[in-house]
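Number of protein chains: 2
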Amino acid sequence: MRVALDALGGDHGPAPNLQGAASALRGLPDLTVVAVGEPGTLEPHLASAELDADRFEVVPCVGSVGMDEKPTVALREKPECSLAVMWKLLAEKQVDAVVSAGNTGAVVAAGLRTRQFLKPVKRPGIAVPLPTSAGRSVLMDCGANPHAKPEHLFQYGVIGAVYAREILGIERPRIGTLNIGSEEGKGNELVGETHELFKSAGSLPGEYVGYVEGRGIYHGEADVTVCEGFVGNVVLKVSEGFAQYLLRAVGEGLVGAGVLGPEDAMKTVGGVGRRFAYQATGGAPLLGVDGACLIAHGSSDGDAIANAIKAAAEMVSKDVNGQIVAALGG
Amino acid sequence: MRVALDALGGDHGPAPNLQGAASALRGLPDLTVVAVGEPGTLEPHLASAELDADRFEVVPCVGSVGMDEKPTVALREKPECSLAVMWKLLAEKQVDAVVSAGNTGAVVAAGLRTRQFLKPVKRPGIAVPLPTSAGRSVLMDCGANPHAKPEHLFQYGVIGAVYAREILGIERPRIGTLNIGSEEGKGNELVGETHELFKSAGSLPGEYVGYVEGRGIYHGEADVTVCEGFVGNVVLKVSEGFAQYLLRAVGEGLVGAGVLGPEDAMKTVGGVGRRFAYQATGGAPLLGVDGACLIAHGSSDGDAIANAIKAAAEMVSKDVNGQIVAALGG
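In order, the protein sequences belong to chains A and B.
Residues -17 to 312 in this note's numbering are what the first sequence lists, from first letter to last.
Residues -17 to 312 in this note's numbering are what the second sequence lists, from first letter to last.
In short, the hints are calculated from the structure, not lab data.
Treat each hint with caution, since some may be false.
The list makes no distinction among identical chains, and a pair is therefore deemed to hold if it is satisfied within one copy or across any two copies.
Stated by the list, open to error - DSSO-like, lysine-lysine: derived pairs with alpha carbons at most 27 Å apart:
1) 168 / 131
2) 131 / 52
3) 181 / 52
4) 52 / 249
5) 249 / 104
6) 70 / 104
7) 168 / 70
8) 104 / 300
9) 101 / 70
10) 300 / 101
11) 300 / 70
12) 75 / 104
13) 101 / 292
14) 101 / 249
15) 52 / 292
16) 70 / 60
17) 60 / 168
18) 101 / 52
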């Protein structure tokens, strides 16, 4: 099991990436981590990370894509950047999976450029596991495909259901189409045609439950909710911003009412905040590429990176891709 | 000042509507409420509502649109329903404003059908005031226009800014375009072309601040954020569902940690929940129609209806529409 890690990705440089690699190596005896980075930049961090030298390799690159850089421009100007080299390793089958906490748009763009998609997959998509009142559910696509067609969304339902079954342990996932109403005829052409594709589908790795409204996502009305990338990305980021706003407001309310001191209040609401943090879930997989790809949050610490590496390894060992291909009739 | 009220709208029938009317009449001496409803249905509730008979009228209708009915079908089958009659009163200038807690899709569809738009307005949109870390901001459109063009979104920026200035008291509102990244070139054609229209606009009733990401909405990065109706509706409903999920989780966390009893916990988190409830803001205006239209939440109680009526009256007395027309150069 070989996982390539973008050692330069994320907000905090190489340190959390190498700490995460060391932690994942300790947990998974069959794992080898291939860190892609500039040797000079990694060098100062290598000793303190306590890496198992037998199962850790460095593959050199030239530069990296900044978190705020425009992906297409950055990838053109830095053809040997860490992301590009990481994906090259996957395309050449030198690794089974890739993990990055770097610029999400650039991770996706560099990956799609390799055109190494699973054969029946039209367009890969980002699947994000979200916490709900009922457990966990998957939202797909969250931004990989800005020009989704009904057939793409239909495939996301199938792909997401396989992921939910294999990784989230939901035996027969309920699949829904995100819409602005639950009645027939509501919404735009894209969701209407997607809805028809699901209704007329022969066999699915789950049960199609129809339209799901925005408020149904966190109520757990479906285990897999499909939407086009723009909408999914907005849902994800609105949730992130709203959670910060809301939890701060609750914390201040508790302090203001004299119920808790500032420290205890932050601890209490922070515990809830962590439930839907990327750290716990190990990031969002880009599903549909030939190989596993986990995108970790830019703010990932060592634990989050370790979880992302483990999540990537789990996808490989469970052959999620093989089952996606089978479910799509490939 | 005459406001037509859909007395049959909402989840709880005539009672909260009539209580709200009575409360609004007590607060606004120049107000007359025209309640649209089936006289037989309203009758049992009239006495207890303590309405000022000199400033309260009933206009009869036949039937109403259920909260789960498909708007187009319902409006075709019930041409004399409360919503249709309410909008007819506005179109005939018998009232200055309309208020309904009914089926949002039907309120909008019945309104758009009258084609009584402000002259320069291409398509009316729903503006929703949201709470943010920085105060309040407006999201527009939240579902009235499912086929938005760049010019529509541009107009929503202008219209929303006038609303934010006049009703939220923000002197020079910052206008942003909702997108999935803040760099140039991100997102789809709709947001790209909208962005260009704002950048090349001669004069605006505010300052254009460029792209705003999902997480920026609740951080208050803009005072007015424009998006197409599908996206806005999803943002709104995701927020609603997420807030319920998150606040319940915090409440359970507080109880579990032994910090508060179940009742106090619910009271504390409920206080935060109320901040972004429709009740406080009086509902969402459908802006761009000739006359004021406030859409209250289906679950509105008497106070919420009273606030919606007052909000409608404020839009009329401040001549928000006149200023929208002026800002659009009409």
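Status of the hints after comparison with the structure:
no. : hint      : result
1   : 168 / 131 : both (17 Å within a copy, 19 Å between copies)
2   : 131 / 52  : both (25 Å within a copy, 25 Å between copies)
3   : 181 / 52  : between (39 Å within a copy, 20 Å between copies)
4   : 52 / 249  : neither (36 Å within a copy, 46 Å between copies)
5   : 249 / 104 : neither (44 Å within a copy, 50 Å between copies)
6   : 70 / 104  : within (21 Å within a copy, 49 Å between copies)
7   : 168 / 70  : between (43 Å within a copy, 25 Å between copies)
8   : 104 / 300 : within (22 Å within a copy, 53 Å between copies)
9   : 101 / 70  : within (18 Å within a copy, 57 Å between copies)
10  : 300 / 101 : within (19 Å within a copy, 61 Å between copies)
11  : 300 / 70  : within (23 Å within a copy, 62 Å between copies)
12  : 75 / 104  : within (21 Å within a copy, 54 Å between copies)
13  : 101 / 292 : within (25 Å within a copy, 60 Å between copies)
14  : 101 / 249 : neither (47 Å within a copy, 54 Å between copies)
15  : 52 / 292  : neither (29 Å within a copy, 47 Å between copies)
16  : 70 / 60   : within (14 Å within a copy, 63 Å between copies)
17  : 60 / 168  : between (45 Å within a copy, 19 Å between copies)
18  : 101 / 52  : neither (29 Å within a copy, 40 Å between copies)
Hint violations for this structure: numbers 4, 5, 14, 15 and 18, all remaining hints satisfied.
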